[in-house]
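> Sequence:
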Amino acid sequence: MTRREPAPMGHKSGKQVFYGRVVHSKSLTELEILPRAALGVTETGTIAFLDSSVASATDACKKYHPDFDGATCTTLEPLQFLFPGLVDTHLHAPQWPNLALGMEGDLKEWLHNYTDPIEASYKNNEKAERVYSAMVRRELELGTTTCAYNSTIHYQATNTLADICRKQGQRAIIGKLCILINSTHGNWEDSVEKSLEDEMKSVDYIRSIDPKGEMILPCIQPRGGAYCPPDLMAGLGKQAQNGGELIHVQAHMCETTTDIKEALKTHPKYSSYAEMYKAYGMLHEKSIMAHCIHLTETDMDLLKEQKAGVAHNPNSNTCLRDGECRVRELLDRGIKVGLGTDCSAGYSTFILDAMRQASNVSRHLVIHTGEERLKLSFEEIVYLGTMGGAQVVALDDKIGNFEVGKQFDALLVDVGIESMSAYVGEHKDDDSALVKKWVFLGDDRSIRKVYVGGKLVAGKDT
1 MTRREPAPMG HKSGKQVFYG RVVHSKSLTE LEILPRAALG VTETGTIAFL
51 DSSVASATDA CKKYHPDFDG ATCTTLEPLQ FLFPGLVDTH LHAPQWPNLA
101 LGMEGDLKEW LHNYTDPIEA SYKNNEKAER VYSAMVRREL ELGTTTCAYN
151 STIHYQATNT LADICRKQGQ RAIIGKLCIL INSTHGNWED SVEKSLEDEM
201 KSVDYIRSID PKGEMILPCI QPRGGAYCPP DLMAGLGKQA QNGGELIHVQ
251 AHMCETTTDI KEALKTHPKY SSYAEMYKAY GMLHEKSIMA HCIHLTETDM
301 DLLKEQKAGV AHNPNSNTCL RDGECRVREL LDRGIKVGLG TDCSAGYSTF
351 ILDAMRQASN VSRHLVIHTG EERLKLSFEE IVYLGTMGGA QVVALDDKIG
401 NFEVGKQFDA LLVDVGIESM SAYVGEHKDD DSALVKKWVF LGDDRSIRKV
451 YVGGKLVAGK DT
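Counted the way the working numbering counts, the sequence shown spans residues 1 to 462.
Keep in mind that a hint or two might mislead.
Here are the simulated lysine to aspartate or glutamate pairs, EDC-like style, with alpha carbons at most 20 Å apart [said to hold, decoys possible]: (1) Lys108 <-> Asp204; (2) Lys63 <-> Glu43; (3) Lys436 <-> Glu77; (4) Lys375 <-> Glu324; (5) Lys62 <-> Glu43.
If you're looking for bench data, these hints aren't it; they were derived computationally from the structure.
Generate coordinates for the entire structure from the input sequences, incorporating the hints supplied.
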């Protein structure tokens, strides 16, 4: 395990210095691996330095004296490394108990037979407390330090999710789901007025528990074009604009061809999904658009123009046979892309699984089309799961990698544990190989510690 050194130069403080291998994305094409570096974290969780010129954590404290007097020093073992916290750009919190169920049908069958019934059940707030407490704890253990959650139509359950994320220390973007039509099992709201009123109850509540938006951010959340008629969409758009101070938006877009037809039938004034969202004021730099598989040229142009982000969900898209998102085309156009797990249409909420599945989907596109350029590189899938996700949720100035000035959201990864040692073998001195082994073979056991804003939120402080 990691080696803790006595705090040098005085008494122990809230400052921390880590020394060892550090891995993070600098860009889509550059994965920086520093074999021996010191990373300093202030008492407020901000990264103060990343320095590969020193020989130990103690030397780093001396170099950055007096600011790091009394810092707690941690020296990583040879097969450990620091990795940025994972960012999940699309997860349906209420569907968590349904993981691995219902993937025999298509999207519509899955929604009606599995999703609507379980989402409707969250009118029981005791269930929300029970499920969300276990879910957030598990997501932190899996290394998801930031998550964009879809909730339900119940503002009470939505507020409970916000409370739990804040209590357990996970960054989150959360909003009450809005559904008025085309749903089943009572999973809809009574009126436009009630939907809008309850949406703002959650927005106002989240602002009250985190006024500065340091950890929990509110969002406006229509399920999609087929579920919110024009008057509801118009009202939600006004809320999202918030008098010029944009609020995050989460919504589904172009998931299936049937979804597109039903959305445009509900909003006949528009010829594309993105055009519809833009017209209602919900396509902007803080918009998270899930799936985006069957996009038109207009859709892609507007996503780029409005600086909206795409949540790519390769696991669920494969399970429900929605289609294959052409991520390369989006990236080439300068559109922000991150990864989502889309629980429970996807059977895993581990972002490493999303990285693996994104890699596979891109390869299937190559198989189908013969276009080699569509294949995503290793550097790109790591970027999508960290910095790309941070861009999509509009927090890339704060999280996503280990740049000085950002928050220390990080995983302490150990590929020397028993379950991985056989895979590491002769590659123990190959930095790049160790990272690849973890991304494609690792699981939660190899995540020893999880930090959010410098605070330990999962794992043991030993």
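> So, for every hint listed, does it hold in this structure?
Taking the hints in turn, this is what the structure says about them:
At most 20 Å may separate the alpha-carbon atoms for a hinted pair to count; Lys108 and Asp204 exceed this at roughly 33 Å. Our distance criterion of 20 Å between C-alpha atoms is met by Lys63 and Glu43, whose separation comes to about 18 Å. The straight-line distance between the Cα atoms of Lys436 and Glu77 is roughly 18 Å, inside the 20 Å bound, and the hint therefore holds. Simply put, Lys375 and Glu324 have alpha-carbon atoms about 12 Å apart, close enough for the 20 Å limit, and the pair holds.
A distance of roughly 17 Å separates the Cα atoms of Lys62 and Glu43; the hinted pair therefore holds under the 20 Å criterion.
Checked against the numbered hints given earlier, the structure breaks only hint 1 and satisfies all the rest.
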